[in-house]
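K.L.:
Given next are the chains, with one letter for each unit.
There are 2 protein chains.
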Amino acid sequence: MAEISLRKIDQSNGYDCFSLKLTEEQKLFVSDPVRSLAQAYLFKDQCTPFGIYDGSKMVGYLLVIYDPDESEYNLWHVMIDRDYQNHGYGTAAVKQAIAYAETKPFGRADKLSLTCDSRNVHAYSMYLKLGFLPTGRMSDEETELAIAI
Amino acid sequence: MAEISLRKIDQSNGYDCFSLKLTEEQKLFVSDPVRSLAQAYLFKDQCTPFGIYDGSKMVGYLLVIYDPDESEYNLWHVMIDRDYQNHGYGTAAVKQAIAYAETKPFGRADKLSLTCDSRNVHAYSMYLKLGFLPTGRMSDEETELAIAI
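Residue numbers (my numbering), protein chains in the order written: chain A, 4 to 152; chain B, 4 to 152.
Since the hints were derived computationally from the structure, they do not count as laboratory data. Any given hint could turn out to be false.
Copies of one chain are not kept apart here, so a pair can be met inside one copy or by any two copies together.
[Said to hold, decoys possible] Only pairs whose alpha carbons sit at most 20 Å apart, straight line, appear in this in silico EDC-like list of lysine to aspartate or glutamate: (1) Lys47 x Asp13; (2) Lys11 x Asp48; (3) Lys107 x Glu73; (4) Lys114 x Asp70; (5) Lys98 x Glu6; (6) Lys11 x Asp113; (7) Lys30 x Asp84; (8) Lys47 x Glu6.
Isolated chain A, as found in the complex:
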C-alpha cells in the first residue's frame, strides 16, 4: 500500500468514479459511486465527495455530508473498488474522512455518524476498531454508529 489520500471529486477526476466497481456482495450494502455523485449534486452546498487514492490511482470513494438539522456530519457510501479489496484502504480512508469532518467545513458539529448493516461484518468491525460506537438508533435496518469529532 502506497500513500493513501483523499482527493475531492471535480472535473479533473470525476469520471474515474464512473469506473469504480462493486462486488455483488458490496451491492447489497453500498451505493454505486455514480448514484452517490448524483446525490452530491442535490446536496452540493453541504457535502464533499472524495476519491480514495493509492498514489495516483483512484481505488475507492466516499462522501462526507453535513446534516444541519442534527448538527452532525455523516459519512456516506464508503466503497473500495472490487479489485482493491483487503488492502487496508477502507481503514486508511475513513481515518482521513474523520480528520476532514473534524475541520467542520460546513458548520458546527460534535460527531460524525454513519449507518452500517451489521451483516456487513467486515465494514462493521472496521468502524468499531476505528472508535465508532453504536448510538442505539437504527435507520432502514442499518445500525447507526458515531464518533466524536
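Dock chain B against the given chain A, drawing on the hints supplied.
P.N.:
Just chain B, lined up with the frame of chain A:
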C-alpha cells in the same frame, strides 16, 4: 397535456429523477438521469439540470450546460420517461430549454448545440422541426445540431 414546465433539480425534487425510466431503445441513445446528475455535480458551476413537469408530475429530464471553451450552451440528456412518451413533452421541454439558454445564465454565447444519433429518428426530426440545424461536425458517431440563441 397539462401545462409543461421545467423546474431546476434540487433537494426538493431530485429523488424523483431516480425514478425516471428509459425504454430499451432510449437506452441506446440517452443517458440515465442519475448518471446525468452525477455529471452535473462535476460541472455544478456551469450547468442546470431540470425536471420536465406535466403539472406537478415529473415526466422527464434534461440538462443545460455552458461550454466556456466554445462559448456555447449545450443541451444534454433530454429524456421523457418511458410511460410518458409521444405526448409532445419533448418538444415543449426543448422549447423551454432554448428559452433558458437564451438567458445566458453562465456566460456569453450565440448558440445552443447538442448531439443526436441520426438513427434516433424521432428525436432527430424533433430537433430539426424546432429549428436546430446540422453544424457539419460529428461527436462519437452523433451528429451535432445547433440553434442560434
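K.L.:
All hints, please: hold or fail.
P.N.:
Cross-check of the supplied hints:
For a Cα distance limit of 20 Å, the shortest separation of Lys47 from Asp13 qualifies both inside one copy, at 12 Å, and across copies, at 9 Å. For the identical chains of this complex, Lys11 and Asp48 are neighbours both inside a copy (14 Å) and across copies (15 Å), given an alpha-carbon limit of 20 Å. For the homomeric pair Lys107 and Glu73, the shortest alpha-carbon distance inside one copy (14 Å) is at most 20 Å, but the shortest distance between copies (38 Å) is not. Taking the shortest Cα distances, Lys114 and Asp70 sit within 20 Å of each other inside one copy (11 Å), while across copies they are farther apart (40 Å).
Taking CA atoms no more than 20 Å apart as the test, Lys98 paired with Glu6 passes inside one copy only; the shortest distance there is 13 Å, against 51 Å between copies. For the identical chains of this complex, Lys11 and Asp113 are neighbours neither inside a copy (23 Å) nor across copies (33 Å), given an alpha-carbon limit of 20 Å. Only within a single protomer do Lys30 and Asp84 lie at most 20 Å apart by alpha-carbon distance; the minimum there is 11 Å, versus 25 Å between protomers. In this homomeric assembly, Lys47 and Glu6 never come within 20 Å of each other (Cα to Cα): the closest approach is 28 Å inside a single copy and 30 Å across copies.
The structure fails hints 6 and 8 (numbered hints given earlier, in ascending order).
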